[in-house]
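Protein chains in written order, with our numbering: chain A, 70 to 259; chain B, 70 to 259.
I should point out that these hints are in silico values taken from the structure, not numbers from a laboratory.
What you are looking at is a predicted structure, and each value in this text was computed from that prediction instead of being measured.
Don't take every hint at face value.
Computed list of lysine-lysine pairs in DSSO-like fashion (alpha-carbon distance at most 30 Å, straight line) [claimed, not checked]:
(1) A:K77 / B:K76
(2) A:K121 / A:K247
(3) B:K132 / A:K76
(4) A:K220 / B:K76
(5) B:K132 / A:K159
(6) B:K159 / A:K159
Some residues of chain B that are not near chain A, with every Cβ distance over 12 Å (derived) [stated by the list, open to error]:
(7) K77
(8) D141
(9) P198
For glycine and all other residues, C-beta sits at the position ideal for the given N, C-alpha and C.
2 protein chains.
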Amino acid sequence: MLDEIIKKNRSYRRFAQVNIDCSTFNEILALLRYIPSARNAQPLKYIASCNKQINEQIFSTLKWAGYLTDWDGPAPSERPSAYIVILQDKNISNDNYVLTDAGIALQTILLKSVELGLGGCTIAAIDKPKLASILNITQNLEILYVIALGKPAETIEIVDATVDIKYFRKNNIHYVPKRSLSELVYAIIE
Amino acid sequence: MLDEIIKKNRSYRRFAQVNIDCSTFNEILALLRYIPSARNAQPLKYIASCNKQINEQIFSTLKWAGYLTDWDGPAPSERPSAYIVILQDKNISNDNYVLTDAGIALQTILLKSVELGLGGCTIAAIDKPKLASILNITQNLEILYVIALGKPAETIEIVDATVDIKYFRKNNIHYVPKRSLSELVYAIIE
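Bound-form chain A, shown alone:
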């Protein structure tokens, strides 16, 4: 079951414009209390938005799909239904472990989204001062990542990576070259 969710969890960047109750996203947030955190510090905080006006403002701070140089991100008819912003509370932690905590959080958010029939994409290319102003956050909070969420409306296929790992589109299908398992696994000591 988990295997299926992990494999289905691709970086979706185009979404159907369907109504999703905002409480759905609360189901995702509720899990974030239960994830591991380095030294149990729990320095991450979260902002979720399902508000159309705020979503448009958040959208205006994001750069999508760096490798697709001829694509400016999803058109108005393809945009996410919600965003979850991952923030670092610098009053709690200031070291690099926060970035690992963020990885744990974002994978948890994305896997739960897939289980709910949704999907999303983590974005790091953010106009952070602009977004901080839109979200009206206090000085101790630093924006780490924005996760776009919605009902996916694109086909993504994994292909074997040869030399290049840059994702690409062809006939409207999004292809992602993934390294082979034998490249990832350096050794198994039995």
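Please build the complex by placing chain B on the supplied structure of chain A, with the hints as guidance.
Coordinates of chain B only, in the frame set by chain A:
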């Protein structure tokens, strides 16, 4: 179903000494090809060990449970059955996104372990030069984390964090103070 796995995934540090087939751990590794990676770079590599002698050597490089100052880590009768070491291939990526990739990987490894009836703990306090020598890794690989895995043999309970987030033990139960959801969720914009 995923909720149950996420909640059951605690940082287990004491394990039953039962025979686990090493191929079980291959089921976990097989999933790592399908996880997200910043810019799809996929800079992580993995070493798994289910070998008792090598496991003892890996154990000798680890510091366990920083907050439990009167505990030196699991006794010989409580030690893990396997380890997965997460490595950064510096020939592929040298930036801090690798630490987020590692968080994605370790959460995936731990959730799958729980689904398999196992459990584990991520350890960052590692004698890295010693472990690099034990594992005989090439210069381009940097050790990021070691995940200890096995059949958990301890009771872990979550309690509400008040001021202190340090985990502690009482009557052999391991208690983990977790911040409230209302502390983690800065805002929900509906």
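Check each numbered hint from earlier against the structure, then list the numbers of those it violates in ascending order. 2, 3 and 7
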